[in-house]
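Trainee: With chain G fixed as given, assemble chain C onto it according to the hints.
Chains as they are written, first to last, in our numbering: chain G, 1 to 106; chain C, 1 to 251.
Think of the hints as simulated: they come from the structure by calculation, not from any bench. Just so we're clear, the structure is a prediction, and the values are computed from it rather than from any experiment. All C-beta atoms in this analysis are idealised placements derived from N, C-alpha and C, irrespective of residue type, glycine included.
Listed next, with one range per pair, are the computed distances between beta-carbon atoms:
#1 G:A87 <-> C:S16: 49 to 55 Å
#2 G:D85 <-> C:M15: 47 to 53 Å
#3 C:A224 <-> G:D63: 26 to 32 Å
#4 C:G239 <-> G:P45: 29 to 35 Å
With the C-beta cut set under 8 Å, the calculated list includes, among others, these residues of chain G facing chain C:
#5 F22
#6 F71
#7 R80
#8 P101
#9 G106
Covered stretches of chain G (chain C as the covering partner; in silico rule of three or more C-beta atoms under 8 Å from a C-beta of chain C):
#10 23 to 32
#11 73 to 79
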Amino acid sequence: MRWYGKENTCEEEEVMVKIRFFARFRELLGTDIMTDVVAGTMFTPLITTIAKKNPEGYAAIFDENGAFHEFVILMKNGKRIEIADAAKTMVVDGDEIAVFPPVAGG
Amino acid sequence: MFSERELERYKRQIMSFGEEGQERLKKSHIFIAGAGGLGSPVSIYLAVAGVGTITIVDMDVVDQTNLNRQILHFDRDIGRKKTASAEEKLQELNPDITINAIDVKIDESNAGKIIGRADGIVDAMDNYPTRYLLNDVAIAKQIPLFHGGIRGFYGQATTIIPGTTPCLKCIFPKAPPSEVFPVVGVTPGIIGMVQATEVLKYLLGIGELLTGRLFIWDGMQAHAEEICVERNRACEACGGMAKKTRARKKK
Chain G
1 MRWYGKENTC EEEEVMVKIR FFARFRELLG TDIMTDVVAG TMFTPLITTI AKKNPEGYAA
61 IFDENGAFHE FVILMKNGKR IEIADAAKTM VVDGDEIAVF PPVAGG
Chain C
1 MFSERELERY KRQIMSFGEE GQERLKKSHI FIAGAGGLGS PVSIYLAVAG VGTITIVDMD
61 VVDQTNLNRQ ILHFDRDIGR KKTASAEEKL QELNPDITIN AIDVKIDESN AGKIIGRADG
121 IVDAMDNYPT RYLLNDVAIA KQIPLFHGGI RGFYGQATTI IPGTTPCLKC IFPKAPPSEV
181 FPVVGVTPGI IGMVQATEVL KYLLGIGELL TGRLFIWDGM QAHAEEICVE RNRACEACGG
241 MAKKTRARKK K
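Chain G on its own, in the form it takes in the complex:
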């Protein structure tokens, strides 16, 4: 929340981030999703919100407890985010987020 100084106005600052899904996740959820989120949003709730648009896509990325499946790879601006850190990693304006599964076939 940020006070903009206008009388009786208290607006929430929004930031724009881009979410890129790969492989199976892309089939289920699309890719290059540009979205506005409230400043201070953490990584996990952001991906959760986007993934919930398709139950199958959500189930591909999250387990029944709402935690990332342990094989899911998360990247922010080309840098790995450990699953354990995702809930406390804040997204900032212009972030590019990649979410992908290892593909196993050969």
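Mentor: Showing chain C alone in chain G's frame:
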């Protein structure tokens, strides 16, 4: 030294990397884990390029459902050991190289021994447990692992130089669940060609390897991209290895 036949066979690529390069390929030994979707194109192209010794390992027999992508095997091979089928085709493609086809399931007890003194390992497997095993052997022997994986129209590849680049466990610490995955033959074709190109460049000591980068192919969008990947200092497979600088086959 090359026979006249070999010089003719390789004439057009000797134009690219010289007889010395061709000699390096001839003296090389590449281990290909799997004679399936990825193993087929990789082995075919390494064979025709003149990689002197190719060991190819598989435990399966040819099934009709393999034939949409496993181009080493023909309709007449259904029910035959993939290794027998692979050895026959590869030897016919290039009679001037040595093919070792080993019919075995790669496991902890035999991996180090069958990989032997190979110059590099091609990951043409269809599961992560065996990939992790190949990764361990590559680290132990300090030889490169040329990783590839596919699903449907999607694929990924990277070149792992132990001690220099992230290893497979750094990039993918946890295996995805096993499944009967969809696959269209063109996808292992593309990813297999990326792997085979990497093998040739590594053996020849030319170009820039696909190191520290994960190549990701989306056939549906006809879009390729790469993601930078880094070593995990706490990696259970390679975390203890000191950084090395050599990323080329020894002359």
